Amino acid sequence: MSRTASLTLSRLLTDNPAVDLMARLTYPKKIQVVGLVAGIAILLLTGQLFFSLAGQIERARLERSGLYLVIPIRLILEPLQEHRGLAHAYLSGDEEFRASQGPHLQSLLKARRAAVDAAIAAAEAAFQRHLPALAQDRRWLEFCQSWRAAARGEDTDPRATLERHDHLVAQLNTLISAAADATHLTVDPYVGTFYLAQMVTQNLPAVLEQMARIRDMGTGFYVTHHIDRDDKYLLISLNTMTRTSLDGLRQTVQDKVLRTMPELGDELKPRLEQMDRIAGSVDTFTQMKLLGMLFDSSPTAFFGAMTYPHPAELNAYGVGPRDTTLDSGEPIAPGPIGQVYDTLDQFTRLLDNAIDHRLWVLYQQLALNLTVSATALIIVIYMLWLMYVAFPIRKLIFATERVAGGDLEVQLEIDRDDEIGQLARSFNAMTEAVRFTRNNLERLVSERTADLAAKNELIMDSINYARVIQQSYLRSSQADMATTLTDYAMVWEPRDVVGGDYLYFRRFEDGYFFAVIDCTGHGVPGAFMTLIMASYLNNLLTHANRHDPAALLSRMNQAVKTALGQHETSAAEPSEHDSDDGMDTAFCWVDCHHQQLTYAGARTPLFLLQPDGQSVIQFNGERMGVGYVHTPMDYRWHNQTIPLQAGSMIYICTDGLIDQVGEARRMAFGKKRLKQLILDNRDLPMHEQQAEIMAEFKSWQGKEARRDDLCLFAFRHHPSGDCA
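So the working numbering is basically just the index in the sequence shown, starting at one, shifted up by 350.
No lab work stands behind these hints, which were simulated from the structure alone.
Treat the hints with care, as some may be off.
Claimed, not checked - Derived DEER-like restraints, expressed as beta-carbon distance ranges:
#: 1; residue 1: T675; residue 2: L412; range: 43 to 51 Å
#: 2; residue 1: H660; residue 2: G871; range: 28 to 36 Å
#: 3; residue 1: R905; residue 2: R973; range: 33 to 41 Å
Said to hold, decoys possible - In silico SDA-like pairs for lysine to any residue, Cα to Cα no more than 25 Å straight-line:
#: 4; residue 1: K1025; residue 2: S1049
#: 5; residue 1: K582; residue 2: Q560
#: 6; residue 1: K460; residue 2: Q521
#: 7; residue 1: K619; residue 2: Q560
#: 8; residue 1: K606; residue 2: P982
#: 9; residue 1: K1025; residue 2: P993
#: 10; residue 1: K1053; residue 2: A1018
#: 11; residue 1: K619; residue 2: D597
#: 12; residue 1: K1048; residue 2: D1072
#: 13; residue 1: K460; residue 2: R479
Because the structure is a prediction, the values reported are computed rather than measured.
Heads up, the beta-carbon is just placed ideally off N, CA and C, and yes, glycines get one too.
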């Protein structure tokens, strides 16, 4: 530090008014001032936190009120749309049609009018509870008036009744948006619930209206048995918009909702699969039943087949097997509109649950923060107002003067654990250390040396026991290997006592699975990683996925990245606490029935020597490790299928073998050298090949330090023995 900076700092410390004020006060007064300042700061922070949480709670309650406004309006939509389709069918018919099917249609229309009236009454009650101004909204009043005209049957033309109902549906959707906007439901700051709210208030009602218009127009066409050119174009447009909207909904749920709210996966993933089937069903009804002009059902059967998925409701509309089957015999899934309404109800329930959960968490946070703040304030006031330090400091000054005079036997009484108590302990330790140094320095050195040796022995004992644990993990693989393979070799040599290389082997009824794994690091950190990888592999490897090593690598990648919190975003601003750990590995499945090996590698090659082969074939895996920060979460490895003959030899090793630098020549041992050793010793049993390879390796290494852990696994394929 320069002289100018030192002078500036000295002036700041000595000329500061606050410092000058504290220097003039006695310690009790100083404590009172500090306590007052601390109390005011705690109260201000508590107040700020309280108002922040209270604002979030009020916003969540307002959003919940908005949802309770949207739900009753949505309950009007369904019977209103059904009334449109039935009314269009009734008005499209001639006298003969009305005489034969009119009474049934009138009965259905009467039930729909009653359902709409009941839903309107429930909506008005909800408006009065949550947003009274909405009950007097001009759009609501116009809707009610227009509905009364439609319910009285003032429209006698089919196209006019369609247009009136279209306007009614548009008014309801506008009211849903108005209620959501007024209660901040559509601007939710939480990503997951924001997209749920968008689907409940906008996206799903829009796609339902597209599907309902296809159904309602089609019901009328089934009465007249005629579709003009403009109606065909409109049906094609509505069908295209429906498929596009359903694809967009599925993508939004998959990319937005499930990424931010993965706990909803069990409920929402079946819906994602269902959306494709719904789009296909609507497309079939539109393309084959309407645009193909089959007209092979009654109007009510067509209406019911597009609306209801359940047998009881289909029976009520006279829907038979013919109405949900094409001439080719291909079935059509009934009730796509009802299924989308079920989806809307499910999303509404999930949104309601999410808002309730957020309210519960906010209430808990508010109670906890108020409790902590009140406790902290009480503790600060108590400790600062009742704690006195003047007398202990006087005792410390007196004891220091005695030590300065040469009295090293002085000891302070310690009756507190605060800074003054720590100072007293330090003073006693200092005087004791001076006495000890003066009288017993040589003995102290001897005792410290013995203590360090004991600690070192304890650490080595712990590491040796860790090796026992790691070997126990290998034991089950070795046992399966011994009972499965008739001619094999295995080398596992950690660079230190324990290491990061691992060999996994598991036998099944139709083959066996093995993996050679090189985890990040060596020594104790590497050993920890092998235990993690072995545990995940043991849990992920099942009878269902053992035939697909590449898919298993992808699942391991996702599991490791999730468990260690290693995402690509964490690499943008790394800190000393971030990890970037994973493994290089080869996953292999040997199919005994088909005499073939399926290999998927992550920066770990596989070497193959066929019985009649003149050279060693090298199979390279992907140049992407498993679990690392820069490995994408959705990365997919690829399988390579290798036919096996009797006597085929497979070799896999970690880079501790091929990357080892030699003493005489400062070069790596290398893959080329390993391949030549395999060719030179091909006729020997595998355990003798192992001895030859390791002897050459250690001769190459010489006195050069081992750079990494080493693992080698090789076997000769014997169909009659290995697959028995």
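Going through the earlier hints one by one, which of them does the structure break, listed in rising order? Hints 2, 3, 12 and 13 not satisfied by this model.
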